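Visitor: Listed below, chain by chain, are the residues.
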Amino acid sequence: MVTLKIDDKQVQVPEDTSILKAAEKAGIWIPTLCYSELFEPYGVCRLCVVEAVRGKRSRVVTSCNYPVREGINVLTNSPKIQWIRKTILELMLARWPNVKVVKDLARDVGVEKPRFVSLQRDEAEDACILCGKCVSVCREVVQANVLGFAYRGIKREIALPFGVQSEACIVCGACAHVCPTGHIKMVVEDYKGKKPEFTLGPKTAIYVPTLQAVPRVPVIDADSCIHFKTGGCEYCAKVCEPNAINFGMKDEVEEIEVGQILVATGFDIFDASAMAQYGYGTLDNVYSSLEFEMMLNSTGPTNGQVLTKDGREPRSVAIVHCIGSRDTNHHSYCSRVCCMYALKYAHLVHDRTKASIYQFYIDMRAFGKGYEEFYVRILDKGVKVIRGKVAEVVEAPPAQKDEGSLVVRCEDTLAGKLLEIPVDMVVLCNAIEARRDSDAVRRLFSISKSPDGFFLERHPKLDPTSTMTDGVYIAGCAQGPKDIPDVVAQASSAAARMLSFISKGEVEIDPVRAFVQEEYCSGCKICNSLCPYTAIEFLAEKKVSHVNEALCKGCGTCVAACPSSAMTGHGFTDAQILAELDGIMV
Amino acid sequence: MAFEPKIIGFLCNWCSYTGADLAGVSRIKSAPNVRVIRTMCSGRVDPSFILKAFQIGADGVIVMGCHLGDCHYQEGNYKTIRRIPFLKRLVKGFGIDPRRLRLEWVSASEGDRFARIVNEFTEEIRSLGPLKLQVHTELRKTIHEPVEVV
Amino acid sequence: MAKLKIEDLDRIAEEARSKMTIREGAGKARITVHMGTCGIAAGARAIMSAFLDEIKAHNIKDVIITTSGCAGLCSREPMATVEFGNQAPVKYVDLTDEKARKIFKEHVLGGKFVMEYALSVGSERIR
Amino acid sequence: MKRYRLQLMVCAGTGCVSNHSVEIKDALDREIEKHKLQNEAEVVFTGCNGFCGAGPIVVVQPDGVFYQLLKTADIPHLVEEHLLKGRPVKKLMYSPPAEKIPIPKMSDIPFFSDQTLIALRNRGMIDPEQIDDYIARGGYKGLVKALTMMTPDEVLKEIKSSGLRGRGGGGFPTGVKWESCKHAHGDIKHVICNADEGDPGAFMDRSIIEGDPHAVIEGMIIGAYAIEKVHQGYIYVRMEYPLAIKRFQIAIKQAREYGLLGENILDAGFTFDIDIRRGAGAFVCGESTALMASVEGKPGEPRAKYIHTVERGLWERPTCLNNVETWANVPQIILKGAQWFSSIGTGDVSADPWGGSKGTKVFSLAGKVNNTGLVEVPMGIPLRDIVFKIGGGIRDGKKFKAVQTGGPSGGFIPESLLDLPVDYEELTKVGSMMGSGGMVVTDEDNCMVDMARYFLAFTQAESCGKCTPCREGTKQMLDILDRISVGEGTEEDLVTLEDLSNVIVESSLCALGGSAPNPVLTTLKYFREEYEAHVKDKKCPSHTCRKLNTYSIDEKICLKLGHGCHVCVKHCPDAAIIGERKQVHYIDPAKCSKCGVCYDVCNFKAVQVA
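Chains as they are written, first to last, in my numbering: chain S, 52 to 637; chain X, 2 to 151; chain G, 51 to 177; chain C, 83 to 692.
Read the hints as simulated data drawn from the structure, not as lab findings.
Quantities reported herein were computed from a predicted structural model and do not represent experimental measurements.
Every residue, glycine too, gets a C-beta built ideally from N, C-alpha and C.
Warning: the hint list may mix true and false statements.
Claimed, not checked - Restraint-style ranges between C-beta atoms, simulated for each label pair: (1) D434/C - E176/S: 23 to 33 Å; (2) R565/C - D155/S: 26 to 36 Å; (3) T632/C - A227/S: 31 to 41 Å; (4) T632/C - R166/S: 49 to 59 Å; (5) E497/C - E191/S: 34 to 44 Å; (6) L169/G - Q120/C: 27 to 37 Å; (7) N128/S - E322/C: 45 to 55 Å; (8) Q263/S - D269/C: 18 to 28 Å; (9) K638/C - R172/S: 34 to 44 Å.
What the hints assert, rightly or not - Simulated coverage check for chain S against chain C, where a stretch passes if three residues somewhere in it have a Cβ under 8 Å from a Cβ of chain C: (10) 108-115; (11) 128-139; (12) 204-211.
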């Protein structure tokens, strides 16, 4: 440890701390501009100069990078230091009169007007003051090495290599973040294509997904984390006391042997931009059900408030049912849940805003327990419920702009009138559709799908949770649109079914099996390689093939292929099929 | 009366048989000429069955299975897709027009497709007319004795 | 050249010795052949080459040989002055090839004056 | 081995080469061939002879006759007269401006006689591209002595007690620097020779490299041996010295062939090699940390020297950087001993290494003196002797005004201080500095404000722009001086100028910023009245700042002598001169933009400047 005096105040600090840090520890303020905790001190603005007095020799040094020495006395506010700071700030103020950080520092140090005017005067408020912070953060922290200085002397400026946007730039925004004057701006378009305000992705590279996340621990988004791009930063690891961050962890594939599988892979919502007339994706303030759900959620991007894009409370909201459902061009089936959540939206918007609410439906399907009562309560609240499929949603003409930014055109089929209603926000109830990857999943578990794309149950009425394939069960919206009570009911029934097998300990298998009549078998082994389940092995001592009854699924392919028809199968012997053939030909 | 073709259909239990069932459940009208034999997989259909069918008077035979990759037993339909084309060339030798034998993939959800194929095939066989095979009368009868099951 | 050892340095220095003495103008003896127009006419060039020949023959390194204008005694050309160490300079006159070689051996190398050819010993005073 | 009786030393320093000394040599060879003297006379190229103002130079040895300002046309006459007939040619000799009688022998010319040569001892005596010449004059003997008879510590002690200090400008005791580099921990260390020499008007390093490259190489090997764990050295030469680079490359190649560089030098078990790095022409790269950044391939920007480069320099390794002249002194100190070296110069270094200035210093004497060139003088020599004895006094009999020492970072020294002994402490005391050794003499016709502006414009343009005070401050000072020199300066400007200068000196990051204001500070201190004239009377005493002059035509001279020759009218850019041929001409002050062209073109000096 080194002991020294700063403005006659005794301070003790470890070996190679800078005077600035020591002063901070002693509660003494020293002005800085180009200094930052993030990287090595650059020591160029010279504002942090102090007098280091050792014996009778006093020396003006920059406190940000001058290591403390035993027994020196540091003067951070002597007349000489004040004189230097004032003049330097005069020089900066002469060149950048309107930059806020320069003006503030000048005011703190007591400089009103510089004695001179600079020929390189730059009136901008966000002028670059050549502090070099962006260069250091890009070189030392992000390690992308994109920014640097060009030219010399008074012509010195920050430059990109060859003055062109460099591929090395990972658009991490670190330079824009550290720039004290806001000179560097993030250009939204090429922000890797993410729409800033509604990026479903994380705000930062490391984030806690939601407050209700289980487990509630931060997770790193490898796409936007600098470390996975350039190997640099690791700042989160530096500040994490229990140093719980291990960048080496990778996704691992585990193979687990299971007896039974419950496929509950859920659903996707219909992409409303396929129906251009509703303006989703092209008009502002037209939200899909999932996006509106996020807006209502307290941990969502708007913390639960219903706001239009420019942050105002909507004066009127339109909720449109059956987007993509009950539609021959898209999905002919009804998505079953939209009516009820649409009513929920009306209820919540009514609570949280003073907006007038319009609900456009074809048939209000409030079929569940307590659903109809809820629908009546909504009607009492004064929600204008209009029976009619919305024809289109368009930008409001300038004249009507003040009543609402959008106009919903539809036909009230009960009143027989065409309506044009100006609204500030439109919420679409997107259809529920099979997951986009359902075909691949289906093939994986060798289960088949029904015409609407959801997985096919063994029997629609008697056995909705299991599938044609033994041991594979389905539950939830993977089997078809349903709301939470139904999903819970189906899932528990599937679980109960599976548990019953597990508790029994043995599995009944169909009697349909192939077996080898050894006296006929010539040991030609054609069937061995045929079986997809490798159920047929060759008994070397007997020189005949043998079927492993547990593995055989009974498809009969080997029976058909056996040249000496030594292979036959219970339930599907040749004779039975020939007899069947004979019978139906009569 | 008009020639009513007799068509044998070998349907695989998981896909085409279920598809046919769906067509029925969906009340889809289709020609009644196809008489169906259900096998666990289209791979179980032994070419000798098809020859026997022609032998005992079938005017057309159609084998249906799951789409490639959908087979409940992974590879059953791959074996079928090899056997049936061979068989088509073989039957030409017996003087049977190869068009009388057909292979189609029908999945469990394609009820309408099943009906369409059946109608189509029936018309095709009707246009080909009855299949007059000179078959030794003795062989016309099938072998009835059951084989003891061990 | 192969890599040097320490003793090689001295060898190289020795070889270039003669050049250096000339450049430093500090030789053991100095022969000045008077090559004024009359001198050259009288054959001073031959005397010069004789002296050079002797230097090469005896591989002498520290003798400086220069020319100067007419010494004023044109009738006794070709003439040469020899200064040995800090002894007084001696002017030799009516030189011929073999006279020059004799002077070289006895005076320049031996340091003894060759009186029979000498005109005078010592040099004029320059005001 | 040919036996020659004559050696013609032709100066081939950059100055003389640009003055066609190569053609001079060819002419000499031709003429010698003609007179069949090729076995008797050898023509040799040497490095810079030192008396650059008198180039092209040939010195005929052994006679020691010095010929100057030669033209190829003089050569036939010279060869016939001097080489053949032995009669030195008087009209080609140097004659001091005062007496006008030629001095044949080089050693008698005051320019040379008053100098004491250590770093330049081989100048004009050896062919820099022949290592044998260097060895013949005692080259590498110092290295042999160090490697075989002295331990590294003894070598270091010798340098330390010799009192040798940095010749680059800082004057840091070389022994102390070597010692701290030796004790710095690190297994790989480096030595660097700083041959960047960015000062305008300074060319002593260049002539040392061109004249005697091996002296530097030997010095660096000895240094590396003394500091230990040094096996790789660098010479940082600026691109603007192509001849110097070429001479260094040849010297290094020859040294490697002779086993004086590379693996196991002279079988003494010491390995050391040198590479050349070229500077891209930034004056700031003369500063040690900026130089090292440049060698590392980074842009040449200095860093704070709170941790000295001897502890953490090139690639974070301990590095000892010295100037060309410092390295060139080392072999002689080792060979002739510290006592011999410390006997020359001022002060006493036995107790405190900063206690005195020992040995000699090479100055590049330029400006308004008669003898301009390289001058190596013992420390402590009075400034007056350099300017008036060696320099031969002020040209054209003008009156001396001031001498600027230390290049753009140095200051101006007025006549009143001319007798001050030249050494580190004295020069710094009067506000100037030893610096690299640039010495520019100014006379009555030089305007101090303009001189200060010239040097500040240089340092401002060369500022790397990294730290605020130097980047912004020097530009601000330059703008003020610009305003003053066009008559828009105010009294308050002078106060700001001085204040700004001191802030920049105190708070700049490196020595460039720290010394850039010196010319302004010293001119303000010693020649305040000139600034006052520019500001108050809007007049420039020496008429250099043209915008402050008023030009008028003296009718009598114009008519009587020039007969209205009308030349000035033709050249005047603003058509401000009225008058027909053969009549008096008259300048209309309204239109005159004070460019001063008429003053320059008028052959009869009819144009008067007030």
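Visitor: Each hint needs a verdict: does it hold in this structure or not?
Guide: Each hint, compared with the structure:
{"no.": "1", "hint": "D434/C - E176/S: 23 to 33 Å", "in the structure": "55 Å, violated"}
{"no.": "2", "hint": "R565/C - D155/S: 26 to 36 Å", "in the structure": "31 Å, holds"}
{"no.": "3", "hint": "T632/C - A227/S: 31 to 41 Å", "in the structure": "57 Å, violated"}
{"no.": "4", "hint": "T632/C - R166/S: 49 to 59 Å", "in the structure": "31 Å, violated"}
{"no.": "5", "hint": "E497/C - E191/S: 34 to 44 Å", "in the structure": "54 Å, violated"}
{"no.": "6", "hint": "L169/G - Q120/C: 27 to 37 Å", "in the structure": "32 Å, holds"}
{"no.": "7", "hint": "N128/S - E322/C: 45 to 55 Å", "in the structure": "46 Å, holds"}
{"no.": "8", "hint": "Q263/S - D269/C: 18 to 28 Å", "in the structure": "58 Å, violated"}
{"no.": "9", "hint": "K638/C - R172/S: 34 to 44 Å", "in the structure": "51 Å, violated"}
{"no.": "10", "hint": "108-115", "in the structure": "holds (count 3)"}
{"no.": "11", "hint": "128-139", "in the structure": "holds (count 5)"}
{"no.": "12", "hint": "204-211", "in the structure": "holds (count 4)"}
In summary, the structure is inconsistent with hints 1, 3, 4, 5, 8 and 9 from the numbered list given earlier, while agreeing with the others.
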